[in-house]
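When you get a sec, could you build the whole thing from the sequences and use the hints?
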Amino acid sequence: MTGCPVKEFDIVPYRPTTSPLENHHGVLDIWMAKNVPEYGGKYPKNSPTIALSKDAHDATKSTYRDWLREKTGKPVGGKIDWNNISNREMHKLTEKMFDSANVPQVNRGAYYRALNQYLYSGSFDPVKF
Numbered sequence: 101m102t103g104c105p106v107k108e109f110d111i112v113p114y115r116p117t118t119s120p121l122e123n124h125h126g127v128l129d130i131w132m133a134k135n136v137p138e139y140g141g142k143y144p145k146n147s148p149t150i151a152l153s154k155d156a157h158d159a160t161k162s163t164y165r166d167w168l169r170e171k172t173g174k175p176v177g178g179k180i181d182w183n184n185i186s187n188r189e190m191h192k193l194t195e196k197m198f199d200s201a202n203v204p205q206v207n208r209g210a211y212y213r214a215l216n217q218y219l220y221s222g223s224f225d226p227v228k229f
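Start counting at 1 in the sequence shown, then tack on 100, and there's your number in this note's numbering.
For the record, the hints were derived by calculation from the structure and aren't laboratory data. Possibly wrong hints are sitting among the right ones.
Stated by the list, open to error - Cβ-Cβ distance ranges computed for the label pairs, FRET-style:
no.	residue 1	residue 2	range
1	223	173	33 to 43 Å
2	181	141	11 to 21 Å
3	115	229	18 to 28 Å
4	191	161	15 to 25 Å
5	153	205	13 to 23 Å
6	105	158	14 to 24 Å
7	229	181	28 to 38 Å
We put the CB at the ideal spot given by N, CA and C, even for glycine.
Next comes the structure, spelled out in structure tokens:
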């Protein structure tokens, strides 16, 4: 990854940041931290993310707030028991957020492969498109 600028929809580690792009955890970090011990807690620096423009990342946040409003009646500050959110529901929310950010299918597949690689080995190979 060194020497090549990060482009929107590249699969990159959470840190370092990729300004002006924003690193989005496709599967919500809080859900992973609560449900997948191999993930390594909240905000692991080397966890895979997808680089998004600010507008695309804002779209994912809006989708999340809509989901939160459906679950709790509040778009912000609603309490979720993340242990009771199923894998299927989290995948559906992840895909809705990807849809709202117009993430191409090939990049989604690369993100999911990187996440699986990270969960099994503790690291992943960043993907540049």
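field: Structure versus earlier hints, numbers of those that do not hold, lowest first
entry: none
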